[in-house]
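A.B. asks: Heads up: the protein sequence lines correspond to chains U and P, in order. Per my numbering, the first sequence starts with residue 256, numbered consecutively. Per my numbering, the second sequence starts with residue 256, numbered consecutively.
Simulated from the structure, these hints should not be mistaken for lab results. Accuracy of the hints is not assured; some may be wrong.
Identical chains share a label here; the pair holds if one copy fits it or two copies do between them.
[Claimed, not checked] DMTMM-like mimics (lysine to aspartate or glutamate), calculated; alpha carbons at most 20 Å apart, straight line:
| # | residue 1 | residue 2 |
| --- | --- | --- |
| 1 | LYS556 | GLU416 |
| 2 | LYS394 | ASP372 |
| 3 | LYS556 | ASP372 |
| 4 | LYS556 | ASP464 |
| 5 | LYS556 | GLU462 |
Just so it is clear, the structure is predicted and the values come from calculations on it, not from any experiment.
There are 2 protein chains.
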Amino acid sequence: MSLPLSREACVAKDAADPLAFARSRFDLPEGVIYLDGNSLGALPRATAQRVAELVQNAWGQGLIRSWNSANWITAPQRVGAMIAQLIGADADEVIVADSTSINLFKGISAALALRPDRRVIVTEPGNFPTDLYMLQGLKSLRPDLDIRIVARDQIEAALDEAVAVLCLTHVHYKSGEMFDMARLAAAAHAKGALVLFDLSHSAGAVEVDLNGAEVDFAIGCGYKYLNGGPGAPAFIFAARRHHAQMRQPLSGWMGHARPFDFVDDYAPATGMAQFLSGTPAILGLAALEAGLATFDGQTLKALREKSVLLSETFIALVETKLPGVFGMASPRNPAHRGSQVSLTHPHGYEIMANLIAQGVIGDFRAPDHLRFGFTPLYLRFQDVYDATEHLSAIMQAESWRAPQFATRAAVT
Amino acid sequence: MSLPLSREACVAKDAADPLAFARSRFDLPEGVIYLDGNSLGALPRATAQRVAELVQNAWGQGLIRSWNSANWITAPQRVGAMIAQLIGADADEVIVADSTSINLFKGISAALALRPDRRVIVTEPGNFPTDLYMLQGLKSLRPDLDIRIVARDQIEAALDEAVAVLCLTHVHYKSGEMFDMARLAAAAHAKGALVLFDLSHSAGAVEVDLNGAEVDFAIGCGYKYLNGGPGAPAFIFAARRHHAQMRQPLSGWMGHARPFDFVDDYAPATGMAQFLSGTPAILGLAALEAGLATFDGQTLKALREKSVLLSETFIALVETKLPGVFGMASPRNPAHRGSQVSLTHPHGYEIMANLIAQGVIGDFRAPDHLRFGFTPLYLRFQDVYDATEHLSAIMQAESWRAPQFATRAAVT
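Next comes chain U alone, as it looks inside the complex (with noise of 0.2 Å):
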C-alpha cells in the first residue's frame, strides 16, 4: 500500500481515485475539511429539491392523499431496502424508524423474546451511551434482567448459556475500533445467545456483512455516514429467521398487521413491518432516501479501500510531521479500525477548537479525544494533506493556547 505523503502526491491521488465523481453530489462549503461525516453527514445536492417537492408537491397539494399518491406509507420499507444493500442484509430484513435510541430498546426487547428462559444482557463499559441507558430503561420495567457489562477483552469469556443476547456497537465511536462480528456472533450463537449489534459507526463506511456473519439484530443510524441530515430517522435489521417468532413491544399503529381496520386488539404485522410504532417521519424519511442515493454505483469494498487509504494517510502525515505529539486511540492495524481516527492530547479540547476555527472541522470526546472521520463519498487526500498541514501549524506556534479555545460549548 503506497500513501501519498507529499501535498503533490495527494492530488494526483485525488485525480486518479475511481470515486472522486461521488464528491460531486455533496454540496459542501467553501474552505471547510470536513472530518466530522462520522456525526452528522453533509449535505447532498440532491436533498434541497427532493425534500422541496415532498413539502410543496406532495404534501401541499396531494394532502392526506399523498399517503398512497407518493407513496408515503411504503417508504420506511422502500428507504430500508436500500440501507440493506449497504450492511449485508436482504431488502425485507431492514426498515426505517424511529431513532436508534428507540430501536435498541425494540431490538433488544425482540431478543429476549426469543430467548424467554434467559435473563442476561452481555455489553461492554463504554458502549455507546444511549445503548447503555436504554438497556437501563428496559432494566426498570424489568427488574429481572441481569446488564453483565464486561471489558471488551472479556466479552467472548463472559458468555455464557445464561446469556440472552450480546449487545455491542460494530465501530467504537471515541475510538473507532471494529469488532470482530462475525467471531462474536458466532461466539454468542455457541452459547445459545443472540447478538444485536449497533452499526450507527460502521454502515457507509465499512464493509458490513450482517447476513454473512449470521447477525440477529442490527440498528444504526441515518445521519452519520449514510448523510441523512440531522436527527434522521433510524434503521433496524432482524435476520429473516427470526421474523415469525418475534415480538417488539414499542407496539403503535404502523405496525399493526391491519393498521387501518382500527380494532382494539394488537396483532404483528409481518415481516419488519412490526418494528413501525408511530407514524413515519415522512420529511427526514425524504431526506435519507436522498442521502443514501449519493451510494449509487459505489461498491462497499471500494469505498473501504479509499477509506483505510484516507485513514492511513493521515496518521502517517501526522507522525511524519508531529512525532511523539499525539496518542494514538484508535487501533493502528486498519483491520481492527473503522472509518475514524482518534488522536489523544491534554489539551485535545483547545487544540480542536483552534481546528474547528480554521474550518478543519473533526470533534472533540471528553476526555482528551480529538475524532477524525474519514468519509471516503466526499473526502479527497489533498483535504487529509491539508488538514495535516493545519494541524502541524497549530502545534508548532501553539496557538490553540489562545483563550478563545478553551470555552467549552455544549456541543461540538
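Since the structure of chain U is already known, use the hints to place chain P on it.
C.D. replies: Below, chain P without anything else, positioned relative to chain U:
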C-alpha cells in the same frame, strides 16, 4: 347563534370573519375543499422556505456546528413552548419528541412509576388504537399490569384505589366526542389515580386547559391541527408537580442530565428534557415550528367559536338538504364535540370516495363513518356550504354507485 344557511350568508360571514386573515398563511390547492385537517394539516406558506433554509444553510453550510449555532439542540424545548400556549400549559411543561405512540409509552410509564403500589390502567374500547396497542406492549414487559377497558359511560365507576392511571383520548378520533377533561381528572384524583390525555384530536382545535383541569400527563400529535407535516414529531406534557419524581424508561442519551459527558450510567435530565430519547428530528421540528406559527395572533377562544359555527353550519345544511339520509355519530351538542363531524351511512366508503373525486376531502373510518374536519384557521363558511352542495348532488344523483368508488385503497 345565527347560522349562515345560504351561500350568500356564508360569503358574508367569511367577509366579516376576524380570523379570515389566517387562511392566507396556508398554501391550499385550487379546487379543493379540505375537510381533513384533523388527519393531516394543510401546508403553511412559510414552511417550504423554513425547511429549505434549514437544509441549505444550517445543515449544508453550518454542518455539525449548527447544533449550537442554529439552535438545533434547543428545538424540542422551543417548539414545545409554542405548543404549551395552545394547551393551557407552562412553557417548560411541554417538549417535542418521537411519535405520539412512543410518547404514550413514556407518559404512562412515568405515571405508573409515580404510583408504584398500583397496577391498574383504566381506558376505553375505541380509544385511538395506537394508545391501546402501546398499553398492550407495555404489559408484555410488565405482566403484572391490569389494563381495564371499560365503556365510556362506565369510566368514573371503574376508578378505585387500585387504579394508577386513567388513559383517555380527549376528542374521539372517530365520533369527535369530547370528554370533560376537568371532571375526569378530578374523578381520577379523588381515588389517588393520575390521568393522561391524548390530545391528538384536540390540540389546536378546541380550548384545552391542562393546568386548569389539573391533568398530570398529556401527549399529542404534530401533524393534525398543528400543521407540522406528514409524520411530524409529537409532544408530551407533564405537570410541573411531577417533574422532580417522574422517571420514564425510554432513557436515551438526549434525556440524560449531561449527554455530552458520555458517561456509562444514566441520570435523568431536569424537567421535560428527560422525555427526550434519541437525537431530535431536526427537519420535522423545523416544519412543526412553521406550522405552529400559523396560530400567531389567534386566541383559542376565537378559534373554538369559529370551529363550532363551522360544524353547526355543516350539520344544519346536511339536515336541511338531506333530511334522514345520514346518521349522526358525533354528539349533537357542540359542547361535547371536537372540531369534526362524523356522519354514518351504509355506503359511507363509496360516498366519501365520490366526494374526494370532486375535491371535497374528508375521510372514511370503518364500518360506516364519513369524517369531516373543520379547521378554523383555513376553512371558510363558503367551503362548508359548497361541500354540502357536492354531498347533496352526489346523494340525489346516486353517483357514488359508480364502480370506481367501490375500490378500497389502504389509506384515505
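A.B. asks: If a hint holds in the structure, say so; if it doesn't, say that too.
C.D. replies: To see whether the hints hold, each was checked on the structure:
For a Cα distance limit of 20 Å, the shortest separation of LYS556 from GLU416 qualifies neither inside one copy, at 36 Å, nor across copies, at 63 Å. Taking the closest pair of Cα atoms, LYS394 and ASP372 come within 20 Å of each other both inside a single copy (16 Å) and across two copies (18 Å). In this assembly of identical chains, the alpha carbons of LYS556 and ASP372 never lie at most 20 Å apart, being 40 Å within a copy and 56 Å across copies at closest. Proximity of LYS556 and ASP464 under a CA criterion of 20 Å is satisfied intra-copy only: 11 Å inside one chain copy versus 58 Å between copies.
When the C-alpha separation of LYS556 and GLU462 is checked against a cutoff of 20 Å, the pair qualifies only within one copy, where the shortest distance is 6 Å, while the shortest distance between copies is 58 Å.
Consistency note: the structure conflicts with the earlier hints numbered 1 and 3.
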